[in-house]
Amino acid sequence: MNQEASGKPIRSQEKEKANGVKKEEEEEERRKKKEERRKKKKDEEDEEEEEEEEEEEEEEEEEEEEEEEEEEEQEQEQEEEEEEEEEEEEER
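For the sequence shown, UniProt numbering begins at 1 and goes up steadily by one.
Keep in mind that the hints were calculated from the coordinates and are not lab data. Do not rely on the hints blindly, as some may be mistaken.
Claimed, not checked - DSBU-like cross-link-like pairs, simulated, lysine-lysine; straight-line CA separation at most 30 angstroms:
| hint | residue 1 | residue 2 |
| --- | --- | --- |
| 1 | Lys42 | Lys32 |
| 2 | Lys22 | Lys39 |
| 3 | Lys17 | Lys42 |
| 4 | Lys15 | Lys33 |
| 5 | Lys40 | Lys15 |
| 6 | Lys17 | Lys34 |
| 7 | Lys17 | Lys32 |
| 8 | Lys32 | Lys22 |
| 9 | Lys33 | Lys22 |
| 10 | Lys34 | Lys22 |
| 11 | Lys34 | Lys23 |
| 12 | Lys33 | Lys23 |
| 13 | Lys41 | Lys17 |
| 14 | Lys17 | Lys40 |
| 15 | Lys32 | Lys15 |
| 16 | Lys39 | Lys23 |
| 17 | Lys23 | Lys40 |
| 18 | Lys15 | Lys39 |
| 19 | Lys22 | Lys40 |
Said to hold, decoys possible - DEER-style ranges, computed between Cβ atoms:
| hint | residue 1 | residue 2 | range |
| --- | --- | --- | --- |
| 20 | Gly20 | Glu52 | 44 to 52 angstroms |
| 21 | Glu68 | Lys39 | 41 to 49 angstroms |
| 22 | Glu14 | Glu47 | 31 to 39 angstroms |
| 23 | Lys15 | Glu51 | 47 to 55 angstroms |
No residue lacks a Cβ here, since even glycine has one placed at the ideal position from N, Cα and C.
From just these sequences and the hints, can you work out the full model?
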């Protein structure tokens with residue numbers, strides 16, 4: 001008879017051992033998949049955050065450019081007004 005001291009046949013013990021190994025492998029696979037999902041989600045969140053920051057930076061740059069253009073226009077207008085005033089004074 002093929003039995004160990006536990007009283008179970010050796011084949012039953014081998015099946016239990018194989019099932020235990022299989023369950024451990026399945027659990028490890030589930031852990032890996034879960035970790036991959038977490039990592040993927042975090043990567044996506046990081047990417048979204050980075051895109052939002054880039055958009056904000058672009059908007060700030062555009063606003064700065066617009067402000068600079070407005071300042072230049074105002075300076076140009078002021079210069080033109082001063083030139084006109086000088087011309088008027090010269091004509092007098």
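Query - Restraint check for Lys15 with Lys33, where alpha carbons must lie at most 30 angstroms apart - result: holds, 27 angstroms
Requested in this report: Kindly confirm whether 41 to 49 angstroms is satisfied by the beta carbon distance between Glu68 and Lys39.
Outcome: This hint holds: roughly 43 angstroms between Cβ atoms.
Query raised in the report: Does Lys32 pair with Lys15 here, judged by a C-alpha cut-off of 30 angstroms?
Result: Given that 30 angstroms is the threshold and the Cα spacing comes to 25 angstroms, the pair holds.
Report task. For the pair we were handed, Lys34 and Lys23, check the Cα-Cα distance against 30 angstroms. Result -> Measuring from Cα to Cα gives roughly 16 angstroms; hence the hint holds.
Requested in this report: Would you mind confirming whether the straight-line C-alpha gap from Lys23 to Lys40 stays at or under 30 angstroms?
Outcome: Within the cut-off at roughly 25 angstroms; holds.
Query raised in the report: Straight-line Cα separation of Lys40 and Lys15 no greater than 30 angstroms?
Result: violated, 37 angstroms
**Report entry** Straight-line alpha-carbon gap Lys42 to Lys32, limit 30 angstroms
**Finding:** holds, 15 angstroms
Query raised in the report: Quick one, are Lys17 and Lys40 close enough, alpha carbons at most 30 angstroms?
Result: Violated: Lys17 and Lys40 sit about 34 angstroms apart, past 30 angstroms.
**Report entry** Distance restraint hint 31 to 39 angstroms, applied to the beta-carbon atoms of Glu14 and Glu47
**Finding:** violated, 49 angstroms
Requested in this report: Would you check the hint for Lys17 and Lys42, treating anything up to 30 angstroms between C-alpha atoms as holding?
Outcome: At roughly 37 angstroms apart (the allowed maximum being 30 angstroms), Lys42 and Lys17 break the hint.
Requested in this report: Could you grab the alpha-carbon distance between Lys17 and Lys32 and see if it respects the 30 angstroms cut-off?
Outcome: holds, 23 angstroms
Report task. Could you see if the CB distance from Lys15 to Glu51 stays within 47 to 55 angstroms? Result -> Since Lys15 and Glu51 have Cβ atoms about 53 angstroms apart, the given range 47 to 55 angstroms holds.
The structure fails hints 3, 5, 13, 14, 18, 22 (numbered hints given earlier, in ascending order).
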